[in-house]
Structure formats: C-alpha cells, structure tokens
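First to last, the protein sequences are chains A and B.
The first sequence maps to residues 22 to 279 in our numbering.
The second sequence maps to residues 5 to 330 in our numbering.
If you're looking for bench data, these hints aren't it; they were derived computationally from the structure.
Remember, predicted model here, so these are calculated numbers, not experimental data.
Heads up, none of these hints are tricks.
DSSO-like mimics (lysine-lysine), calculated; alpha carbons at most 27 Å apart, straight line:
(1) Lys9(B) <-> Lys319(B)
(2) Lys46(A) <-> Lys190(A)
(3) Lys144(A) <-> Lys158(A)
(4) Lys233(A) <-> Lys46(A)
(5) Lys190(A) <-> Lys208(A)
(6) Lys190(A) <-> Lys158(A)
(7) Lys158(A) <-> Lys171(A)
(8) Lys250(A) <-> Lys46(A)
(9) Lys171(A) <-> Lys319(B)
(10) Lys95(A) <-> Lys113(B)
(11) Lys164(A) <-> Lys144(A)
(12) Lys9(B) <-> Lys150(A)
(13) Lys164(A) <-> Lys9(B)
(14) Lys171(A) <-> Lys321(B)
(15) Lys80(A) <-> Lys95(A)
(16) Lys80(A) <-> Lys42(A)
(17) Lys322(B) <-> Lys9(B)
(18) Lys190(A) <-> Lys150(A)
(19) Lys171(A) <-> Lys322(B)
(20) Lys233(A) <-> Lys208(A)
(21) Lys80(A) <-> Lys190(A)
(22) Lys144(A) <-> Lys9(B)
(23) Lys158(A) <-> Lys208(A)
(24) Lys319(B) <-> Lys164(A)
(25) Lys9(B) <-> Lys171(A)
(26) Lys171(A) <-> Lys113(B)
Beta-carbon label-pair distances, calculated as ranges:
(27) Tyr281(B) <-> Ser92(A): 53 to 59 Å
(28) Asn78(A) <-> Leu83(B): 54 to 60 Å
(29) Asn204(A) <-> Ile14(B): 44 to 50 Å
(30) Phe247(A) <-> His183(B): 47 to 53 Å
Don't be surprised by glycine CBs; every beta carbon is placed ideally from N, CA and C.
Spelled out, the chains give:
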Amino acid sequence: MSLLEVTNLTKNFGGLLAVQKLDFKIDEGEIVGLIGPNGAGKTTIFNLICGIHRPTNGKVVFNGNDITNLSADKVAAYGLCRTFQQLSVFGDFSVLDSELIGFHLHAKNSYFGSIFGLPSILKQNVVLKQEAMEILKFMELDKYSNELVKNLPYGSQKALGIAIAMAAKPRLLLLDEPVAGMNSAEKLAMMEHIRRIRARGCSILLVEHAMKVVMGLCERIIVVNFGEKIAEGIPDEIQRNESVIEAYLGVKQDVDVS
Amino acid sequence: MLKQKFSRSIISLIILVAISIAFPMVTSPYYTSLATMFFINAILVVSFRFIATMGEFSFAHVAFMGIGSYATALLTTRLGWPFWLTLPMGGIAAATISLVISYPLLRMKGFYFFVASFAAGQSMYLIWTKFKFFGAFLGISPVPPPKLAGINFSEFTPYYYLVFVIAILCMIILYRLEHSRVGAAIKAVAANDLLAQSVGINVRLYKTIAFITGSFFAGVAGVLLAHRMGYVGPDQFTFTYNLYVIVWTITGGLYSFNGPITGLVVLTIVDIILRNYKNVQPYTPLIYGAVLIITLLFLPRGLISLPQRVSAIIKRKKVRAKLVNN
Chain A
22 MSLLEVTNLT KNFGGLLAVQ KLDFKIDEGE IVGLIGPNGA GKTTIFNLIC GIHRPTNGKV
82 VFNGNDITNL SADKVAAYGL CRTFQQLSVF GDFSVLDSEL IGFHLHAKNS YFGSIFGLPS
142 ILKQNVVLKQ EAMEILKFME LDKYSNELVK NLPYGSQKAL GIAIAMAAKP RLLLLDEPVA
202 GMNSAEKLAM MEHIRRIRAR GCSILLVEHA MKVVMGLCER IIVVNFGEKI AEGIPDEIQR
262 NESVIEAYLG VKQDVDVS
Chain B
5 MLKQKFSRSI ISLIILVAIS IAFPMVTSPY YTSLATMFFI NAILVVSFRF IATMGEFSFA
65 HVAFMGIGSY ATALLTTRLG WPFWLTLPMG GIAAATISLV ISYPLLRMKG FYFFVASFAA
125 GQSMYLIWTK FKFFGAFLGI SPVPPPKLAG INFSEFTPYY YLVFVIAILC MIILYRLEHS
185 RVGAAIKAVA ANDLLAQSVG INVRLYKTIA FITGSFFAGV AGVLLAHRMG YVGPDQFTFT
245 YNLYVIVWTI TGGLYSFNGP ITGLVVLTIV DIILRNYKNV QPYTPLIYGA VLIITLLFLP
305 RGLISLPQRV SAIIKRKKVR AKLVNN
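Looking at chain A on its own, in the form it has when it is part of the complex:
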C-alpha cells in the first residue's frame, strides 16, 4: 500500500481547470519531486492534497485513509504536513515559540489545566522546550532560538518553516519551494537537511524550480503542465523527455540561418 495515493484529482476554479485528472502515488521512504513551468498548478495540487482547497473530483488516500475533503488541520492529524512558499512562518513570534506551536497535535493543550497550573502541563512545557531545541539544532537554527522570526534572514525563515512542520511529526512532508531565494551553499545545506529528514522516517514530496536541487535530491520526478501530468520517471529519463523539454523551452524550431 502506498503512503499517498492521488486518483483522478481535478480542480475547477469556476471555469479555470487548474488540475486535471491527476494520478500519482508516493511510497514510504521516497523523495519525490513535482516540477513544471510557472502556473502549471503545482501549488494548487499541494493545496488539494493537504486540505486547503476541496477537489472538484478525484480522491486522495493517505496511509489507507480517505482524506479527500478534510480540512488541513484534520489532514495534519493523519500525518501529512506542508510548508509554504510565502508566509512560511508566524510573524511576531520568536523562533522558539514558533517551533513550540508545531507540537500542537502531540501536546496536551488543556484549557483548565493551564489555568490551574497542573503539574502535567508544567512538566510538558519543559519537555517540549527540549524537543523544540533538538529540532532547531537539526535545522541549524538553535542559535536563533530567542530571536524574533521577522529578524531572520530569508533562508533561515524557510528552514524554520520546515522545522515547524517537523514538530508535527509527519509521515509525509510536502515542501513548497524549500530553496527559493537561497544561494548555492544554502541550497546544498538544505538538500542535506531534506535527506536527513527522510532518514528520520518522513517521506518527502517537493515542489521546486531549482533543477540541480530536484535532480540531485529526488529519486522520482513528476512533471505537470497546465494541470496535467506530462511525464513521470527517474531524473535521467525526465531530463531527456521531449514533452518536458517542450513544456519548459517550447517546441524545437528550425531556424533559417542563411
């Protein structure tokens, strides 16, 4: 049984067919890439899978559970989380506080317990702080723990977005352009982080435009254009695939050089 099975996924925004009859699977332990030209529908596909938009048609099954029409918070409870390309963090929060929010699904968020200062709640706060620092260290953000998120460099904010998603202990993580705006060194560091996240037991589906990153990280790549899947395969195959080249560069034209 696949970890994620998307069947016949379709989204119609009142006349604009953003996603058409999309089928794909993701197995446990994979790092899969979702690529395509701008406007191909990649972020919409993410939104459909994780519950921000409801599909017009089709099914999304995660770990055997039908999550098709569930809202994002319920989907997260099943173990599927995502990061965001823009607005990837909680503005005005400190790094540590942002990370602590991520533990929501796994912590006791007791209303009356908090008022009365129950020992279980107080103990939990200590434990969660330690766990938060561990994840921040993993993403190399621990030195920023008391810093305000808005003072962080852009690359670190994206890394924090991933760290927050990790706190929710997902089995599948949807990364939306994790290396956007990063320099080469940062990109390499992020690639290493993503591999280590997979090693910790979390599968990855990522949307990215930086081809070197995609080809270097992903074992399998799905290519979409105009909301439809146009190719799927290993990086080598995708790079040589004519429809893919056509989608990005256009049809080969014979140029008269005379």
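Let chain A serve as the given structure and place chain B on it in line with the hints.
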C-alpha cells in the same frame, strides 16, 4: 538578565497591590467608588484584549457586559439568587450567547467581523429596550448588594475590596491562559491561519475559545457593575463605552498583557482631571479620539512601548554620534 526582569515585575506588582489595598483607607468614598469602577473596567479591557489576540476587535464586548448585568439583576430580583451564584452565572450567560453568536460571526474577518459584532451588540441593546421583561428603558432596580456574614456590601469600601479580589482573580486566569498553549495557538491563528492549520490547529475552534473566554469575563464585569450601581439599564451599555474600551487598549498597547490596563490607568486619570474643568468635560470623547490618533502616529505599539522606543532612539543617537566623530 531574565531573573532581574522577573524580580522587577514582582516588586512592581507588590507595590501596585499594596497601593490598591491602602487606597480606600486614604481617600474619600467618592474616589473609592471610582477605583471600584476602575477595576471593573480593568476586567473589561483585559478580556477585550484577549479576544483581540485572535486578531479581531469585538464591538459586542460591552453588550456582553450588559448580559452579565441583566443576568444578575434578573436572577437576584426575580428568583432571589445570591450574588455568589449570579457572579459565575453572569459570565456563563455571556459565554453562552457569545457561543451562539460565534456561529455566524466567526465566519467573518477584519472589518466585517467588527461591523457584525457591532450589529450583534445593537440587537442586544434593542432587546433590552423593547421588552418589559428586561424593564425596557427603565431597566431593573434596585439590585441588591451581595450578602456575606455581616459585611455590608452596600458600603463603598467593602464592595471595593470584593471587586478588587475578583479582578485580580480574573487577571490571573486571563494571564495564564494567554501564556499557555491555548493562548499561543490563538495567537498563531491570528499570525498565520494557514500555517496554524497545517500543524493541526483547528482555526475555528481556537477563535471560538478566544471569543467565548473574553465574553465570559465581560459578563463577570457586568455582574460587578450591576451590584455597584444597584441598577441595570440599557443606557449603561453604549457604543461609546465600547469605543472607550478600544481606545484604552490601543493607547496602552495591544501587543502586551499590561498594555490595556496602562491605557486604562492613563485615560482614567485624564478623565478625572477633566472632571474638574466643567467647560472642557463635555469634550472628553473628542480628547479620547485625539489621544488615540496621537498614539497611533507616534507610539503605534502603545504607551507601554515607550521605554523601548526611548532607549532605541537614544541608542540610535549614540551610534550616529560615534559615526560622526570618526
């Protein structure tokens, strides 16, 4: 450094509590009565801000105070319930009605929420003025004072201490809630609701929690108001009152727990001073408006951010001076 900050806050807290306890012993009953009103407003303003941490301003807040007032007035005068029961009941009544209203209301955001909450508040006002059950324009009176073992709560000073203790309790509860995971989830929803959802936070649930909690305490403040005045009437729960709550909050500082109370203190003092100048006093709302605008222009994070701003400006001047001299 953090320990230093912590012990400084404890000391200031102790000083404030000491002043509050000594207050009625050194002032006239008139000022004691004003101080009682101050603590009632303190509950109102801190609970208003609790709702504001979810990112919305409630224009029904004073109306929920009214629900608490009417609840206690009806229960004590018509059913003979004691104050000690009607105090939580006023809060529960306000919380229940806020839960019902939250179904349509929390579908809205920003300005729409603001206007819709205003409409909700006005509906309650209309119900109180139209129906004989609520005493229409004349309201309900007299509302009996609380009874406890021989203490005469119709006197200013005993009632002041009662309100003071209840206010402190309310502050503690609201403070703990804000600094708990519940409070953090509410703020996360306000900061980025999509991201909050993606880590499993039910946005609707936490907005509802914020709204009901804030409204509960508005109801409690209403109960305390009713027994202070000995009377409950629709004229007490006006649009202007809700505006004042907003002005206290923003002037003091929306982004911290102590902000709104600071705003309340400063503007209450302004109000008391103005009362001595009979020709200026009718212009109080105008002055409040001016204070609000000046605050938004020069200290957008409120009076409570003043020490930070001053030290930031001094720092900047020092750095500039250093650069110039080099």
